[in-house]
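Visitor: Using the hints, position chain B with the ligands against chain A.
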Amino acid sequence: MKDNPYQPWLATIDDIREEVGGVRPIKTFRLTFQDKNIQKNFTYLPGQCTMISLLGQGECFFAISSSPTKKDYIEVSVMKLGKVTTALHECEPGDVVGVRGPYGNNFDVDGWQGKNLVFIGGGIGQAPLRSLINYVVDNRKKYGKLDVIYGARSSKDLSYKQEFAELEKRKDVDVHLSIDVAEDGWKKFVDFVPNNLLKVKPSPKNSIAITCGPPIMIKFVIQNLEKLGFTDDQIFTTLEMRMKCGIGKCGRCNIGNLYVCKDGPVFSYQQLKNIQGER
Amino acid sequence: MEKFVLPKDKLTAFINEISKKYKVFAPVENKDVISFKQIKKPSEINLGFSNSKVPPKELMFGQTETLFKFTPGTKGKIDPAEIPDKKTVIFGIRPCDAKSYAILDHVFKDEYEDPYYLTKRNNTVLVGLSCTQPAVNCFCTSLDDSPASAKHVDILLTDIGDNYFVEVNSDKGKQLTKTMKTLLKPATEGDGKKKKTVEKKAAETITRAQKTDGIVDKLDDIFENSFWKNIAMRCLGCGTCTYLCPTCHCFDIQDETTLTKGARIRVWDNCMHAEYTLQASGYNPRPERTNRVRNRVYHKYNYYPKNYDIIACVGCGRCIDNCPVDIDIIDVVTSAGEVKA
Ligand SMILES: Cc1cc2nc3c(=O)[nH]c(=O)nc-3n(C[C@H](O)[C@H](O)[C@H](O)COP(=O)(O)OP(=O)(O)OC[C@H]3O[C@@H](n4cnc5c(N)ncnc54)[C@H](O)[C@@H]3O)c2cc1C
Ligand code: SF4
Ligand code: SF4
Ligand code: FES
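Residue numbers (the numbering used here), protein chains in the order written: chain A, 880 to 1158; chain B, 1487 to 1827.
Treat the hints with care, as some may be off.
In silico DSS-like links for lysine-lysine, alpha-carbon gap of 27 Å or less [said to hold, decoys possible]: (1) A:K1141 x B:K1792; (2) B:K1555 x A:K1141; (3) A:K919 x B:K1563.
Keep in mind that the hints were calculated from the coordinates and are not lab data.
Only a predicted model underlies this, so the values are computations on that prediction, with no experimental measurement involved.
Isolated chain A (complex conformation):
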């Protein structure tokens, strides 16, 4: 029999960065496996997830927010919500967590080579997109034009500020940040993310659009992508359901006959239209 899929490997928190403060804070945790071999063999692709646990508190499922091109560590970005995420936010560098995975499917980074990519993110949904964007940028020559559209309620609520500042300096990536309500000193776009998309107006020709974020944002982003001429099979998103096992056994995360933990979380809009089930 293969390895016990329920038993996590131990990893040390090397670094914690506060992305966003306030009532719904987000922190990014950099983790390295205690066992060097596990670190080497933990290979994943953007979009895949991991189950992180605090021994005694429980487990949570997160998108891996680092890019697989970084091989010495993995990162997850965690929004503080309930029991385990709150306990995670109280951790300090040097603390030990359990890690299992990687789980789920991934963005089709091979199939999308040569295409223009449009990333549209909001809130904690930027976590899987960050992995994808950094992967694509690290393999820049393999892809066409890149548009990164990302927004938050206020400038304080934007994650990965340092990384966006670096990205904005590059000539081969177009970054379009926005906030929902005007602020002193903010010179970029003000309004909701779906409207920023209409303003940026990416061409659907030879393009793929990937959107992750709050369900309401995704709904309007998809409507607007369709207005711009994107077809269902050019639009990709990730889904969320409550999870426990992460490996298609506990039954919890089903949408119709599919399990988000193992058949997802990445779905094309074409697939979504054909899945019958609550989500």
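Guide: Positioned in the frame of chain A, the structure of chain B with the ligands alone reads:
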């Protein structure tokens, strides 16, 4: 398939012989409730039952199971899992409950192998007992099975009068009966005919029938139909139907701790409760009872067939017998098939 007969007065010797090498679980009566328990001596066994109230699912997939132990906290350490691997026999399991294991195998083997279930499954020999008197709500015959089917057991015993007719259906079964040649006599053609007669009679006593022809496609067409709301109106959401179902496999994972010790355990869970899908943000994709009642039926009659090509119901009737408001899976599925889409 090897076929023998076992004289009824040799049954005790047969079980004693098994007990020498295997841990034996068998139907035992406690305060009028029959369930499968580990036995020390054959006299504890009660074979005068149509089926156990609680299915033997628990013997492969425990109601609570320790996944592993650990030292709690942020400097913690994990102890490797201890998975019981003792050779076990389940004696007297009914053909439908044996089939439930074959159904659960799909989930627990799929992609990631579940070591807790599979270790027990691989170390367990099923010595089944044919039903001669099916209960009022039994309907295995609607689901491609029979009250005397040897398909999903290693050995099947059928009461044919003075003897049990013994069918040995697998290598595990052969291994178990190898040392019993003094107890078992080769079956004659007449014995085989007697078994067929018993099987036919038992099948004829089953009066209830479910119509499952084309059910997968039909359910695809009536997902949004008010039919589900009407059924859900009665449901109390108690979850009895899922806990007692031999094919329900949902579980929760929880950490239990004292100051210095901890265990990650899994416990049966239940899709009929609202908390089941409640997300940390407060959003719930299945907030209404209608969503959940429908999910239970679809899981068995639409999702499972789509994923594994088999209906995840064995027709044991337990959810019907025990539902406090008489929601009846036979009627639900049969009438779903008649809904105008
Ligand atoms: C595919 C996927 C990717 C995700 N990626 C991220 C991410 O990158 N960053 C992030 O901050 N959050 C992410 N989440 C959500 C995150 O899993 C939940 O916020 C987290 O599990 C809440 O746990 P809790 O113990 O704090 O909350 P509680 O409300 O105390 O939840 C108890 C338990 O229920 C389960 N649970 C509750 N809500 C969810 C949920 N929405 N999704 C999955 N399991 C849940 C968990 O096992 C959790 O421990 C993702 C969820 C999914 C399904
Ligand atoms: S759904 Fe009901 S009849 Fe079918 S296997 Fe489960 S408990 Fe038995
Ligand atoms: S046993 Fe009956 S009342 Fe209880 S959850 Fe099941 S269908 Fe509803
Ligand atoms: S989380 Fe258990 S089946 Fe998906």
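Visitor: Hints first: check each against the structure and report whether it holds.
Guide: Cross-check of the supplied hints:
Distance hint between K1141 of chain A and K1792 of chain B is fulfilled; the C-alpha atoms sit about 16 Å from each other, no more than 27 Å. Annotation: proposed proximity of K1555 of chain B to K1141 of chain A holds, straight-line Cα distance about 26 Å (limit 27 Å). Simply put, K919 of chain A and K1563 of chain B have alpha-carbon atoms about 21 Å apart, close enough for the 27 Å limit, and the pair holds.
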